[in-house]
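K.L.:
I would like the entire structure built from these sequences, with the hints used as guidance.
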Amino acid sequence: MRFAVLTDIHANREAFEAVLADAAARGVDRIVLLGDVVGYGPDPEWCADKAAGLVEAGAVCIRGNHDSAAAGGVESLSANARRAMVWTKAQLTDAHRAFLAGLPLTVTAGDVLFVHASANDPGAWIYVTSASMARGSFRSCDARIILCGHVHVPLLASSDVGGVVRVQAFRMATPIPLIRSRRWLAVVGAVGQPRDGIAQAGYALLDTGTNELTFRRVPYDSAKTVHKMRVAGLPEELALRLVRGE
Numbered sequence: 001m002r003f004a005v006l007t008d009i010h011a012n013r014e015a016f017e018a019v020l021a022d023a024a025a026r027g028v029d030r031i032v033l034l035g036d037v038v039g040y041g042p043d044p045e046w047c048a049d050k051a052a053g054l055v056e057a058g059a060v061c062i063r064g065n066h067d068s069a070a071a072g073g074v075e076s077l078s079a080n081a082r083r084a085m086v087w088t089k090a091q092l093t094d095a096h097r098a099f100l101a102g103l104p105l106t107v108t109a110g111d112v113l114f115v116h117a118s119a120n121d122p123g124a125w126i127y128v129t130s131a132s133m134a135r136g137s138f139r140s141c142d143a144r145i146i147l148c149g150h151v152h153v154p155l156l157a158s159s160d161v162g163g164v165v166r167v168q169a170f171r172m173a174t175p176i177p178l179i180r181s182r183r184w185l186a187v188v189g190a191v192g193q194p195r196d197g198i199a200q201a202g203y204a205l206l207d208t209g210t211n212e213l214t215f216r217r218v219p220y221d222s223a224k225t226v227h228k229m230r231v232a233g234l235p236e237e238l239a240l241r242l243v244r245g246e
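For the sequence shown, the working numbering gives the first residue as 1, with consecutive numbering after it.
No lab work stands behind these hints: they were computed from the structure. Because the structure is a prediction, the values reported are computed rather than measured. Cβ atoms here follow ideal geometry from the backbone N, Cα and C, with glycine treated the same way. Check each hint, because a few of them may be wrong.
[Stated by the list, open to error] Across the chosen pairs, the derived CB separations fall in these ranges:
1) 130 with 179: 20 to 28 Å
2) 130 with 76: 17 to 25 Å
3) 29 with 230: 23 to 31 Å
[Claimed, not checked] Derived EDC-like pairs (lysine to aspartate or glutamate); straight-line CA-CA distance at most 20 Å:
4) 50 with 111
5) 228 with 246
6) 224 with 246
7) 224 with 94
8) 89 with 246
9) 224 with 207
10) 89 with 45
11) 50 with 221
12) 224 with 22
P.N.:
Below you can see the structure in the form of structure tokens.
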């Protein structure tokens, strides 16, 4: 099975479309969305509709913290995120909110766990940014492979048979063998608002047949997205994040 694993779309239609096209060109069998379909960006309705359509066609979609905020309160968000979410909520219909609120916090497929943030208390939205934070995810479940998002920066960690966790170096677009004697955790990056200094949409391919993971980056028309954000009156700092990739 070849999974295309996307996260943190953040209402960025142009990035979402570019990644879906890239994944389709690589013959994936199933789409997985790890949450935060909405928030920050200018196309929440389109992205929520697209996610719902993908789910109807067999995709997996996990609930992220911005999805929860869109269906509930915004108090837990930062100031700019809160401003964007107030605008976002006004664009969404009751059907959109019901779809987002009904998404699961985790989904398991074989020995793979899909979750938005740390597997350790998924609804607490804990960032996985280090070996010690990855250790918490490994200890909280039995999955051999954990795929998550939330951080907007790609990361790869592994745990050996003794439970020693290390962050692993990797190269973009290069298949990484997920050695079966180890457990693995990957933060797959962000489609709609990357924060690693690369202003391109990010996602990952997981091939359970070859047991390989590949991080990918895809260029998209960020200028179009930025223009729409400015027309909508969304916070300028959020628009500049797309320009800078940070």
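K.L.:
It remains to establish, for every hint, whether it holds in the given structure.
P.N.:
Structure-based check of each hint:
1. 130 with 179: 20 to 28 Å: holds (21 Å)
2. 130 with 76: 17 to 25 Å: holds (22 Å)
3. 29 with 230: 23 to 31 Å: Violated: the Cβ-Cβ distance is about 38 Å, outside 23 to 31 Å.
4. 50 with 111: violated (27 Å)
5. 228 with 246: holds (19 Å)
6. 224 with 246: holds (18 Å)
7. 224 with 94: With Cα atoms ~28 Å apart, residue 224 and residue 94 exceed 20 Å; violated.
8. 89 with 246: violated (25 Å)
9. 224 with 207: violated (33 Å)
10. 89 with 45: holds (10 Å)
11. 50 with 221: holds (18 Å)
12. 224 with 22: Distance ~19 Å between residue 224 and residue 22 Cα, so the pair holds.
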